[in-house]
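The residues making up each chain are set out below.
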Amino acid sequence: MKVMTMVQAINDALHIKLTEDPAVVMYGEDVGVEGGVFRVTQGLQEKHGEERVFDSPLAESAIVGTAVGMCAAGLRPVVEMQFAGFVFPAFNQIVSHVSRMRNRSRGKYFVPLVIRMPYGGNIRAPEHHSESPEALFGHIPGLQVVIPSTPYDAKGLMIAAIEADDPVIFMEPKQVYRAIKQEVPEEKYSIPIGRGKILSSGTDITVVSYGAVVREVQRAMITAKAAGISVELIDLRTIYPIDREIIKESVKKTGRLLVVTESPGSFGAGAEIISIVVEEAFLSLEAPPTRLAGFDTVPPLPKGEHFFFHSPERIFYEIKKLYDY
Amino acid sequence: MKVMTMVQAINDALHIKLTEDPAVVMYGEDVGVEGGVFRVTQGLQEKHGEERVFDSPLAESAIVGTAVGMCAAGLRPVVEMQFAGFVFPAFNQIVSHVSRMRNRSRGKYFVPLVIRMPYGGNIRAPEHHSESPEALFGHIPGLQVVIPSTPYDAKGLMIAAIEADDPVIFMEPKQVYRAIKQEVPEEKYSIPIGRGKILSSGTDITVVSYGAVVREVQRAMITAKAAGISVELIDLRTIYPIDREIIKESVKKTGRLLVVTESPGSFGAGAEIISIVVEEAFLSLEAPPTRLAGFDTVPPLPKGEHFFFHSPERIFYEIKKLYDY
Amino acid sequence: MFEKYDPLKDEMFRVMDDKGELIDPKLKPAIPDQDVIDAYKLMQFARTADLMSVSYQRQGRMLTYPPNLGQEAIAAAAGKIMKPQDWLVPAFRELGAYLAKGAKLSDIFLVWGGHEDGSRFSDAPNFIPSAVPIASQLPHAVGIGWAVNYKKEDSVVFAFVGDGGTSEGDFHEALNFAGVWKVPVIFIIQNNQYAISVPVRKQTASRNLAVKSTAYGIPGIKVDGNDFFAMYAALEEAAAHARQGKGAVLIEAVTFRMGAHTTSDDPTLYRTKEEEKMWAEKDPIKRLSAYLIARGLRQESDDEALLEQYKKEVEKEFAVYENYPPYKLEDVFKYHYKEMPGELKRQQAAYEKFLNSREVQK
Amino acid sequence: MFEKYDPLKDEMFRVMDDKGELIDPKLKPAIPDQDVIDAYKLMQFARTADLMSVSYQRQGRMLTYPPNLGQEAIAAAAGKIMKPQDWLVPAFRELGAYLAKGAKLSDIFLVWGGHEDGSRFSDAPNFIPSAVPIASQLPHAVGIGWAVNYKKEDSVVFAFVGDGGTSEGDFHEALNFAGVWKVPVIFIIQNNQYAISVPVRKQTASRNLAVKSTAYGIPGIKVDGNDFFAMYAALEEAAAHARQGKGAVLIEAVTFRMGAHTTSDDPTLYRTKEEEKMWAEKDPIKRLSAYLIARGLRQESDDEALLEQYKKEVEKEFAVYENYPPYKLEDVFKYHYKEMPGELKRQQAAYEKFLNSREVQK
Ligand SMILES: Cc1ncc(C[n+]2csc(CCOP(=O)(O)OP(=O)(O)O)c2C)c(N)n1
Ligand SMILES: Cc1ncc(C[n+]2csc(CCOP(=O)(O)OP(=O)(O)O)c2C)c(N)n1
Ligand SMILES: [Mg+2]
Ligand SMILES: [Mg+2]
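Protein chains in written order, with the working numbering: chain A, 1 to 325; chain B, 1 to 325; chain C, 1 to 362; chain D, 1 to 362.
One or more hints might be untrue.
[Said to hold, decoys possible] When the alpha-carbon atoms are kept at most 27 Å apart in a straight line, the in silico DSSO-like pairs for lysine-lysine are as follows:
hint : chain 1 : residue 1 : chain 2 : residue 2
1    : A       : 303       : D       : 338
2    : B       : 320       : B       : 225
3    : B       : 197       : B       : 303
4    : A       : 248       : C       : 334
5    : D       : 26        : D       : 9
6    : C       : 9         : D       : 246
7    : D       : 104       : D       : 246
8    : B       : 2         : B       : 181
9    : B       : 253       : A       : 321
10   : B       : 303       : C       : 246
11   : C       : 345       : A       : 197
12   : C       : 9         : C       : 246
13   : B       : 108       : A       : 303
[Unchecked claim] Chain D regions said to be covered by chain A (calculated; three or more residues, Cβ under 8 Å):
hint : stretch
14   : 168-180
15   : 198-204
16   : 332-339
17   : 344-357
Don't read these hints as lab results, they were simulated from the structure. Every residue gets a Cβ at the ideal spot worked out from N, C-alpha and C, and that includes glycine.
Let's have the full structure, built from the sequences with the hints guiding it.
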């Protein structure tokens, strides 16, 4: 099997869908000629033509808004926000239309749109290049929010996202883009949206995570294992709709939950997952479900980012605390 | 003492600050000549002149963005978003600048801005006129999010908001605007941001709420009392920074928590409050902390809104369930 | 025509004067008399529905309603020019265009009466339901236009916005994309002089709204929006331009909202009786009526029966709305996704449990 | 001047030709020779800093950097026109203007090197730190301009944006407000032909960028941005216009980004050697240098010593940056609010506890 980075895997998924479905078109800032600032769409314009893959003016609201119109006319656009930190000019289109067109028109129009965006930090980038706004999207009815952590999942989830008849906010952990390689089938396959995955089975503690920070959890688990702590690691992969079952079953078994996210804690994904656990597995709990989140701050610029983004040490520290509770 | 509606109480607060501080200016769509679609700024232009209180073009991003500039130049603007459902075009300015200017400039510039917006539903309004996006703001570092539920609190909190050196998202429950009257002092007073209030003491269950739905909780409490359930009701008044202490102390006493909010549940304020309780009072819990939130849907149009907005019956039903747990 | 009436010089295209006399017969578009009569009827029907909506609202039988009064010529002209394959992307004050596109009045009542089912508009293909956030519909129109080009279809997109809407960022972004992408979109600004209480001069310092086309490299024209023929001619040329692959066009239709902004607005707060009177004299229906009567194409006295008939039709439609089946719990949930996610099912089930518990109590 | 060079006809204001010869001596603004020499030096200093930043980045001593190469005349002219009480609201490619406003180069290095402390720019009053989201700074400039009017101050706001930035909604909303509010703001578009890889012709179909002023009722002019004198004259007139209470102005400065977009960009992907060569001949420093040499105001050979001196100055500033005290945990938290809310204190304390636990382990 071919070994791919996440950039290659996503590129591969986009190429497959462009090839098999003429309704799929792709655009955004610098996605055409240049192939995107992270080269995720590299080569796609050459392969599929300027009509299918192209550069748009620099205006996020119109990128998303025009895509809503294309959907109404039967297309399945995939658009890129150059960084998640630049999705906010498009927020009104997302909240008011992408997520609502189906309900507003009672199903007459729907929005099979994928909004791709590299997200997250710890890559020594300038301001607005390290944001993780997934919790905001999770709170908006009508969206699906997908966050792969591996090349394999990224490809399968991207195929599913493009084929979905409802909008998907597809958040790509840019820290992972080229950091890991993995065997990825060249043929088409898809991974269902809304399903988490148990990355390691364990009995003492459930750790729920997603995106780039999953790798840091895996590193922390080496220490945990050495310390005799058996961790069950769940990669959510989809933030909304969330996989309640997989979380519930795991915590019923372990009695302990740690949620690890990179985005600010308050009103964040950790709170949602803790609430689910409290709702579904209260009587199984042996310790307070805990969140290790980013601070309630702007991600600091590179000189300070080591404080903000979780090290395996910090994750292990929280695992240990919970284990010792 | 004068009896005032919330509209009058806020108007009064604005008038006081316009009178005593020339740095305070006010603008937005229809706030000048007309006094706002809800008449909250009625009469202020006559009293303070067109230079201080005026109509702006129809563009939320520029309304907020220009206010950021005014703050840098030493003013203290109060701007209005005509409805909370129309704040989204301004989202980038709020997330990228209002909340960040102080940190970005390391305190050289700061944003003593108040963004007022009528929010919430159950008033038989068209689409986009019933939104409650407070959880989104709660997740954005650098903001303060204030939501009064009574005329008295609205006046005191508005004074505090205008005097605060950091930005305040000031959400006004439009359902309450004219629905209740209360004695409100005519002189100036302020209520600290970040502090909740115990509206009724009780011993069996803590209910945490804020905004318009507080009144429905109070109605439900009549039934609860009749059923012999002693409810402690906390009106948070500020969503961020949240009053951890008041929640913690109450739940430590009652062992039971119900959070009642009108906004969608997933990734909402209820999740945050439940997580706080789990973090602070886990060992005191006698039942799973529970949230009664809006559905994860767009607020239905008026013909269906009775399903979405909580009735006292529904609230009592949840109180009872929790009590019987 | 677009070259002849230069918005930079603030020229306005008119065919009729305020009394319904042709200013220059050569300007009159080649439109069969019967079509003019039909357009007149559409304007009258729209006005009847409009006035009745306001009074239904006063009676407490309708929630809110944005009157079209005085702006009917614009929508009627668009209604006449639009072909079945064309798209309508409305703002919310183009009742005649809705109707021309096939929308049932009962559905329109459902929308304003507070039921999403109205916005399905099953009888009106290629018609996007109103986007309440001002100007946010314009990028949709451009995207549809792009798809039309991509699929090599023969459609034109008619996109409406108000004068206030021109201040929003989405107006700019949409028109800019339209220029670059050369999409077959006609942007129609209904400049009715106010955005709620805010007059155009507080909205922008540009000479007029049509000049804004210069910023996007597309043709723009300022048209007397109360002049049916002028609107018809401008839209006809714009549609031909678009259909020929020449791209987008901006039309500023100068008109006046003779009614309130919505039924909850009070225009006496922000405008004068004189202003209202001045505009009443430019009433588009009066003008077209005078034209038709002068040509012997109809008689003043025809109106009574016509309006009586229209009133009945509107009443019938209103009855359909008032007898619409009640909103069901599942209507809250089931249209958010193609398949309802577990989370929504759970929330619906919890609510049903609560409802059942109430039944048990009773 | 704004009337003379009509952007609708795509006229461009120039004073010098590409060789640094005056096209018409009458066009040359009245600027003392010494000021011209100072401006030349500022351009050279900015270029030195710029080139060194790129090489520091290559050495791994700087994170990322957006080269100004080829655009120096614009910032230098603004630097000369701005008075101490004036405001600078930058995009991010106006190094010379930063410096003219008092910003220390070491602070600029801190910003691009990844430390917020740089953006405090303690030595540069009335200077707003860069807003990374494109065009989002423009409404700030308008708000400052409004405050200037309100407080009856004698300041002008200089607001920068790129060609790509003109597509954003905030560009439109800001210029529209500026027109209505008549604020003393000079909007300067640095049209360097590209937004990363996207050329202007894919950005907008408007004839040029200066014509966009028509949409806002403010004067607009297209200026050769590589011609120091043209930029100086245009900015001087714009500043006078603004200071006289006549409101905002839009200047399109036509230039070319001779370097990469940032140090992580590869321009060979999207532009040709020919294009780069053509623009290299219009290099603003070469042109001003030729002018000065022809007038005997300096000699070609002066540059060597000058650049050597500048290199040293830049090295000194870079050393300040490299020796800047390390980032502390509290630096993450303490600037978010005037007083840190309990929530942040709690989070900081939790992290400190973790750090202490590590100390204990060691
Ligand atoms: C983004 C947004 N902001 C505010 C509103 C509230 N609002 C509804 S209509 C309106 C005025 C619209 O004026 P105009 O565009 O001129 O259209 P008209 O009502 O005159 O037809 C406003 C401010 C809204 N619907 N959307
Ligand atoms: C809102 C937003 N979208 C995208 C980006 C990413 N980005 C940074 S610079 C740039 C191009 C800017 O082009 P232009 O305005 O012409 O300025 P230039 O870089 O040429 O000086 C882009 C797309 C951003 N910073 N902000
Ligand atoms: Mg209007
Ligand atoms: Mg550029």
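Kindly indicate which numbered hints from before are broken by the structure, ordering the numbers from low to high. 3, 7 and 10
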